[in-house]
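Just so you know, the protein sequences line up as chains A and B, in that order. Sequence positions in the first sequence follow this note's numbering and run 123 to 221. Sequence positions in the second sequence follow this note's numbering and run 1037 to 1524.
To be clear, the hints were calculated from the coordinates, so they are not data collected in a lab. Hints should not be assumed to be uniformly reliable.
[As the list claims (entries may be wrong)] Below, a list of computed lysine-lysine pairs in the BS3-like style, where the Cα atoms sit at most 27 angstroms apart:
#  : chain 1 : residue 1 : chain 2 : residue 2
1  : A       : K137      : B       : K1513
2  : B       : K1127     : A       : K199
3  : A       : K216      : B       : K1169
4  : B       : K1513     : A       : K192
5  : B       : K1118     : B       : K1108
6  : B       : K1169     : A       : K213
7  : B       : K1118     : A       : K134
8  : B       : K1505     : A       : K192
9  : B       : K1118     : A       : K137
10 : B       : K1127     : B       : K1255
11 : B       : K1290     : A       : K216
12 : A       : K199      : B       : K1108
13 : A       : K192      : B       : K1227
14 : B       : K1108     : A       : K213
15 : B       : K1127     : A       : K137
16 : B       : K1255     : A       : K216
17 : B       : K1460     : B       : K1513
18 : B       : K1493     : B       : K1513
19 : B       : K1505     : B       : K1493
20 : A       : K134      : B       : K1108
21 : B       : K1493     : A       : K192
22 : A       : K133      : B       : K1513
23 : A       : K213      : B       : K1227
24 : B       : K1493     : A       : K126
[Claimed, not checked] Listing some non-contacts, in silico: residues in chain B with all C-beta distances to chain A over 12 angstroms:
#  : residue
25 : H1051
26 : V1089
27 : M1090
28 : N1091
29 : W1115
30 : G1168
31 : V1180
32 : A1366
Using N, Cα and C, we set each Cβ at its ideal position, and we do this for glycine too.
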Amino acid sequence: MAAKIDQTQVKKVAKLSRLDLTETEAAEFTGQLSAILEYMEKMNELDTTNVQPLAHCLPISNVFREDAVKESLGTEKTLANAPQRDGEFFKVPKILDEI
Amino acid sequence: MGELRYRVVVGLEIHVQLCTKSKMFCGCALSFGEEANSRVCPVCLGMPGVLPVMNEQALEYAVLVALALDCKIAEFTKWDRKSYYYPDLPKNYQISQYDLPLGSGGFIEIPLEAGRTKRIGIIRAHLEEDAGKNLHTAGNFSQVDLNRAGTPLLEIVTEPDMSSAAEVRTLAVELQRMVRYLGVSEADMQKGHMRFEPNINLIITKDGVEYKTPIVEVKNLNSFRVLERSVDVEEQRQLDEFLETGEVMGMGNKTTRGWDDINQVTVLQREKEEAPDYRYFPDPDLVPVEFKCEWLEDIRSRLCELPIKRQIRFVDEYKLSDYDAGVLTAERSTAEFFERVVAAGGKPKRVCNLLTQVGLKLANEKGCSVAELDITPKDFAQVSNDVDGGILSASGANKAIELKAQDPDKPFSVIYEENNLIQKSDVGELEQIVEQVIVDNPKAVEDVTSGGKKSKKAQSFLLGQVMQKTKGQANPKVVSEILDRKLG
Ligand SMILES: [Zn+2]
Chain A
123 MAAKIDQTQV KKVAKLSRLD LTETEAAEFT GQLSAILEYM EKMNELDTTN
173 VQPLAHCLPI SNVFREDAVK ESLGTEKTLA NAPQRDGEFF KVPKILDEI
Chain B
1037 MGELRYRVVV GLEIHVQLCT KSKMFCGCAL SFGEEANSRV CPVCLGMPGV
1087 LPVMNEQALE YAVLVALALD CKIAEFTKWD RKSYYYPDLP KNYQISQYDL
1137 PLGSGGFIEI PLEAGRTKRI GIIRAHLEED AGKNLHTAGN FSQVDLNRAG
1187 TPLLEIVTEP DMSSAAEVRT LAVELQRMVR YLGVSEADMQ KGHMRFEPNI
1237 NLIITKDGVE YKTPIVEVKN LNSFRVLERS VDVEEQRQLD EFLETGEVMG
1287 MGNKTTRGWD DINQVTVLQR EKEEAPDYRY FPDPDLVPVE FKCEWLEDIR
1337 SRLCELPIKR QIRFVDEYKL SDYDAGVLTA ERSTAEFFER VVAAGGKPKR
1387 VCNLLTQVGL KLANEKGCSV AELDITPKDF AQVSNDVDGG ILSASGANKA
1437 IELKAQDPDK PFSVIYEENN LIQKSDVGEL EQIVEQVIVD NPKAVEDVTS
1487 GGKKSKKAQS FLLGQVMQKT KGQANPKVVS EILDRKLG
């Protein structure tokens, strides 16, 4: 059976997820992901002719909250776990290319 | 060179910030320039293990606008995760609606010149959360403020039905008027409550062959003026580019350009090699939404007469000019106040003049609406009727309103009296003054009676003399009649 996913696709998905894979890892994950996808392929054996697509696994809808303000964390707590801060801001590497 | 014709085609992607009290999926208050990162909580920070819960008010506001846009409301809709990596998006995905937007297939009617209107199709309207703000500073770092993250945004996508920069601006203004009427957004463009991103291209006919230029999306437009200008600028740029390169629309050559306000040009931001891969999938943390009939009818009952309909009705019902009707219906409170003054007995055209010439000016100075000036509809109706009855001149009426705004408890009878606003219409009294003016100005009288070129000018000179002698209090209509009679 042909592989379900090739290395080019794995590298693309890794890039979208900002994962830096080595060539060895890319090859390793290509094999593992193909096996997972092959296993999932079994699902296609089921007859889903009259089954509606599922948007959520719970059989409920319309769970809302009232538009009421609750206290926020505040700047100090918010930044407490930030790797880097600059005054009251998170400090991050400059992004040049917008997504 | 053969014949060349072209037209511009524009569709808009619009984001409207809804004026709920709290954010879309958490209880953090919406931010109005507080200290950075002070209005965030684990939910809008995207901490693991938190549970977002939908703000019902945000959903109802979004449905209200979708109904006003004549959209079909989905019976069943859901929340999807749109994945991308950017520092202002703490979860690395934005909660949005992908394949089941809450509204689709509507239209907005926009006013053109001379009372004509045009329908612009609405492809879809959906709700999503806003991202935070990235502040680019000097050096190799950026600052991130997440106060805005999670603010409810209504995204509206129009059909490419606009065929000029002026139409684009008109739609933007009309949508602003609409969402303000509905009370769902402050819709202040400078504050980023409304963001418009036009998708622009040209259809060029050259030597009998039709060409379409590649679509360009323009970002970073923060005023109606700049929005309109960007379409004109892009129209010319695309024409020049087509004549130079001949490039036409194709797969994957849509580009994004940013507006450079200093140089008044658009600047290439991003070449789209391929459509971005956002890997949408249903958000497992949020259950779907089903719009039951009664709920929709309840929301529908909160719709008001839309501004464009009201403008047209004001022209028909009150015989106002399209321009005047536009001014009165720009804000809902002004339009409603106008109708209350008319209901209190004021003549529409006169009331319109009073409100537009002095009422709106005073309201603007005080930073309130005309309804909040402490001048009742009955007061306006009285002054309006006093002008029609010849008791006040038009300028005297404006003066009376200004004084009433300063001292709302003072009755008009006192205001008129104290400031000599009451016009002299007594024929006997005015005749004496006119006779004196005639005696004092024989040259002008001769110019009038000889009926030459100077006649009209001389007559208004004499009228002016009478007005001067009466300190502006004479009823000019009565004086003109006396002058006509004496010199005719
Ligand atoms: Zn929050």
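Structure-based check of all given hints:
1. K137/A / K1513/B: Status violated; Cα separation ~82 angstroms.
2. K1127/B / K199/A: holds, 18 angstroms
3. K216/A / K1169/B: holds, 13 angstroms
4. K1513/B / K192/A: violated, 65 angstroms
5. K1118/B / K1108/B: OK: K1118/B and K1108/B at ~24 angstroms, within 27 angstroms.
6. K1169/B / K213/A: Holds, because 12 angstroms separates the two Cα atoms, which is no more than 27 angstroms.
7. K1118/B / K134/A: holds, 17 angstroms
8. K1505/B / K192/A: violated, 69 angstroms
9. K1118/B / K137/A: holds, 16 angstroms
10. K1127/B / K1255/B: holds, 24 angstroms
11. K1290/B / K216/A: holds, 26 angstroms
12. K199/A / K1108/B: Cα-Cα ~44 angstroms, so violated.
13. K192/A / K1227/B: holds, 24 angstroms
14. K1108/B / K213/A: Not satisfied, since the Cα-Cα distance of roughly 44 angstroms exceeds 27 angstroms.
15. K1127/B / K137/A: With a Cα-Cα distance of about 17 angstroms, the restraint between K1127/B and K137/A holds, given a limit of 27 angstroms.
16. K1255/B / K216/A: With a Cα-Cα distance of about 20 angstroms, the restraint between K1255/B and K216/A holds, given a limit of 27 angstroms.
17. K1460/B / K1513/B: Holds, at about 11 angstroms.
18. K1493/B / K1513/B: Given pair K1493/B, K1513/B holds - Cα atoms ~16 angstroms apart, limit 27 angstroms.
19. K1505/B / K1493/B: holds, 19 angstroms
20. K134/A / K1108/B: Cα-Cα ~38 angstroms, so violated.
21. K1493/B / K192/A: The hint is violated at about 72 angstroms.
22. K133/A / K1513/B: Given pair K133/A, K1513/B is violated - Cα atoms ~87 angstroms apart, limit 27 angstroms.
23. K213/A / K1227/B: Holds. K213/A to K1227/B sits at ~24 angstroms (cutoff 27 angstroms).
24. K1493/B / K126/A: Outside the cut-off at roughly 94 angstroms; violated.
25. H1051: holds, 16 angstroms
26. V1089: V1089/B not clear of chain A: closest Cβ-Cβ about 4 angstroms, inside 12 angstroms.
27. M1090: The claim breaks: M1090/B does not keep its Cβ more than 12 angstroms from every Cβ of chain A (closest is about 5 angstroms).
28. N1091: Answer for N1091/B: violated, closest chain A Cβ roughly 5 angstroms.
29. W1115: violated, 9 angstroms
30. G1168: violated, 9 angstroms
31. V1180: violated, 4 angstroms
32. A1366: holds, 28 angstroms
The earlier numbered hints that this structure contradicts are 1, 4, 8, 12, 14, 20, 21, 22, 24, 26, 27, 28, 29, 30 and 31.
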